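*Asks:* Got two chains here, each in a separate frame; can you build the complex from them with the hints?
Single-letter residue listing:
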Amino acid sequence: MDAPHHRLLVVDDSNVIRKRIERANELADVEFVGAARNGREALELHATLRPTLVTMDLTMPEMDGADCVAELVRRDPQLRILVISALADKLTAIDALEKGASGFLCKPFTDRQLNDALRKLIGAH
Amino acid sequence: MTLEAEVGVFVSGVLHYFGTTVQQAAQCGTPHLALGERPEMSDYTGVIQISGRRTGLVAFTAPKSMLSVMLMRMQETDMSHENLRDLVGEIANTLSGNARRDFGHQFQISVPAVVSGRGGTLDYPAQGRPIVIPIEWRNYHARLIVCLQ
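Residue numbers (the working numbering), protein chains in the order written: chain A, -15 to 109; chain B, 542 to 690.
Just chain B, same shape as in the assembly (with noise of 0.2 Å):
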């Protein structure tokens, strides 16, 4: 499986959640490489270690408000810090979950683990390029990072 058709099985994860979960559809936007600069974390992010055939990571970082939307169309009225949390990880859980279907035992798949915070950071491979893929959804943006060497 080619890097495109391996972001391809993120993205198509990412879109699906939204389809399935808050019943209104997601854009995916103009991917672009993050060079020379850690890509921007949102206030929650949700990530995935991955290695074997590839190493790196996959995490999906959105914004407070966002999430706290997505948790009203789920008809939840709590939007508490850890309700939030738990939101960005189940999505992450679910990228999880898609990955071990798509790619098989080719890959090992960590838990998710979530990041609060701006400020945050992630543990990159050394000579990782990132690939962002913005998220588009209603009018709030999320982005889908993908880092894998």
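If we strip away everything but chain A, and leave its shape as in the complex, we get (with noise of 0.2 Å):
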């Protein structure tokens, strides 16, 4: 069986979240390799941990999400991010994509569009 393709790293500073992504995942082109609690952890694993994809909250202490996006991108251009966030209005969606960002999921989400955002994610490039 071949190994999966996409390395994702949760980035979120809720527990019940960051495990709801992990084990919501069904695809298998895609291993879940770490989670994050805030911006700074997630550059610090991002150097360890080699993720070739990121879902990234945005209302975060200590390193917020959209500063956080901004510089992953800068260290990993080919790094796909799918921002989810309860910020539901649009110009957090544009501000975030301006960023870096790849994608844009609103909370509360269902299992479904988590999955169908993330293979968005894979297929938009």
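Bear in mind the hints are in silico, worked out from the structure with no lab data behind them.
Bear in mind the structure is a predicted one, so any value in this text is a computation, not a measurement.
Each residue gets a CB set at the ideal place from its N, CA and C atoms; glycine is no exception.
Please note: incorrect hints may appear among the correct ones.
Claimed, not checked - Partner residues are not named here, just some residues of chain A that face chain B (Cβ under 10 Å, in silico):
#, residue
1, 3
2, 72
3, 91
*Replies:* Here you go:
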């Protein structure tokens, strides 16, 4: 069997959400490799885990998601980032995309919506 | 936007959260004003503070039993105090996001806070008249509290 092609890092300050995203991922091509509680941790884990996909919350302590998206894309322009946030307004989504995110999913979400968004992210490049 | 419509945004947000996250619909009961007393708090409360065109707070307060079953529906096996706080905070976070989307820049909305315990208190505005909206899910009873002036 082929190894998964995509390595997923989950970034969210909610433990419940981090574990839910890990569990809900049903794409055979996507392997969960780690989780971070804020942007600073995400940058550290990116250096060691070398993810190819990231799900990113926006409102987090220490370093928020928008700043983290910008820094991750600066370090790794090929990285695909799905922003998952309760901030459901268009301006927030546009700002995240302008900083380098590849997609946006509003909280709350179903498992199906998450998998569809991840599938779209993989197919987007 | 009228106060009734503003309250409706928060009620819709809570009902949408149940329908989406635990995929079982919740029902909204008959709203009432909490006159002369503070609304009763349940085991865990997620709250956002609002300022701008109106000032006040919006809170979702729920019993531990309800939140535990919600976690089970999300395939979560860890019903720890931290995860129960986390869940009620996420519900408040969703309310905050909905409000930002629907109210735009008329309101400034805080990052959610969580209060544990039935003896907890909320920082109500001095002239606020809290509206309590019962939220029924399965056999569990939570409340949405909206107090804006």
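*Asks:* With a cut-off of 10 Å on the beta carbons, see whether residue 3 of chain A makes it to chain B.
*Replies:* 6 Å, holds
*Asks:* Let's test the interface hint: is any C-beta of chain B closer than 10 Å to that of residue 72 of chain A?
*Replies:* Because about 4 Å separates residue 72 of chain A from the closest Cβ in chain B, which is inside the 10 Å limit, the hint holds.
*Asks:* Tell me if residue 91 of chain A is really an interface residue toward chain B, meaning its C-beta lies closer than 10 Å to one of theirs.
*Replies:* It holds, given that the least Cβ distance between residue 91 of chain A and chain B is near 6 Å, below 10 Å.
Consistency note: the structure conflicts with none of the earlier hints.
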